[in-house]
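*Asks:* So you can see what is in the structure, the chains are spelled out below.
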Amino acid sequence: GAGVSQSPSNKVTEKGKDVELRCDPISGHTALYWYRQSLGQGLEFLIYFQGNSAPDKSGLPSDRFSAERTGGSVSTLTIQRTQQEDSAVYLCASSQGTVKNIQYFGAGTRLSVL
Amino acid sequence: GDSVTQMEGPVTLSEEAFLTINCTYTATGYPSLFWYVQYPGEGLQLLLKATKADDKGSNKGFEATYRKETTSFHLEKGSVQVSDSAVYFCALTGMDSSYKLIFGSGTRLLVRP
Chain A
16 GAGVSQSPSN KVTEKGKDVE LRCDPISGHT ALYWYRQSLG QGLEFLIYFQ
66 GNSAPDKSGL PSDRFSAERT GGSVSTLTIQ RTQQEDSAVY LCASSQGTVK
116 NIQYFGAGTR LSVL
Chain B
519 GDSVTQMEGP VTLSEEAFLT INCTYTATGY PSLFWYVQYP GEGLQLLLKA
569 TKADDKGSNK GFEATYRKET TSFHLEKGSV QVSDSAVYFC ALTGMDSSYK
619 LIFGSGTRLL VRP
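Just so you know, the sequences run in chain order A and B.
For the first sequence, the working numbering begins at 16 and goes up steadily by one.
For the second sequence, the working numbering begins at 519 and goes up steadily by one.
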């Protein structure tokens, strides 16, 4: 597609349930990033992929969070046993490379944990 | 570690007023600096960038100059429009982790007709 696509745009879930958030990067972009935007913490880096590998997972807040990327394209961010503090907007971005390359962002998935 | 500090909002201006949003950073060496904008209901969009000292980034009438001596990257626009109402984020990528955007807290701008 023309831009980074994320789905769903909104997700409401109950505490303790698992959720999966999907990101379709711009075609041909080798690097993919996940960020989280929350009221208390602002915009935080979560994880980055180069191809299907994740050289830096340091921003994942706990072991309930995981992400994978397949075929050098689509990525899924999974949150297990969701907690209320996981409520945030999850943003995905992609870029052609990583060194001084512009990151293009999707519109995000707004997650609400009740 | 690397960090970005930007002025708190909201900033409320009348149309055609001059805009300055202050941004300072802490980083080793020479980071790359960015301004991103988030319009209501939309994702982040790159507004402008600068990758070395004294570079000036510009786009859509917005400008920012990379000042190494003051570790600043202030955003300016000479005459704002109602359509500029959005949240503006200053960000950097450091030399050690050039893939990771580190954002400021964001500044909401509201332009009144």
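In short, the hints are calculated from the structure, not lab data.
Note that the Cβ used here is the ideal one computed from N, Cα and C, for glycine as well.
Hints are not guaranteed to be accurate.
[To be verified] From the structure, some residues in chain A lie toward chain B, with a derived Cβ separation under 7 Å: (1) G57; (2) Y63; (3) P76; (4) F80.
[To be verified] Each pair of labels, with its calculated beta carbon distance range: (5) B/G547 / A/S68: 21 to 27 Å; (6) B/E533 / A/R79: 28 to 34 Å; (7) A/R79 / B/E587: 30 to 36 Å.
*Asks:* Each hint: holds or not?
*Replies:* Each hint tested on the structure:
Interface restraint check for A/G57: the shortest CB-CB distance to chain B comes to about 5 Å, inside 7 Å, so the restraint holds. At about 5 Å, the closest approach between the beta carbon of A/Y63 and any beta carbon in chain B falls short of 7 Å, and the interface hint on this residue holds. Taking 7 Å as the C-beta contact cut-off toward chain B, the hint placing A/P76 at the interface is violated, the least distance being around 15 Å. Taking 7 Å as the C-beta contact cut-off toward chain B, the hint placing A/F80 at the interface is violated, the least distance being around 17 Å.
Checked against the given bound of 21 to 27 Å, the beta carbons of B/G547 and A/S68, roughly 26 Å apart, stay inside it. In this structure the hint that B/E533 and A/R79 lie 28 to 34 Å apart at CB is violated, the actual value being about 47 Å. Between A/R79 and B/E587 the CB atoms are about 44 Å apart, so this pair departs from the stated range of 30 to 36 Å.
The earlier numbered hints that this structure contradicts are 3, 4, 6 and 7.
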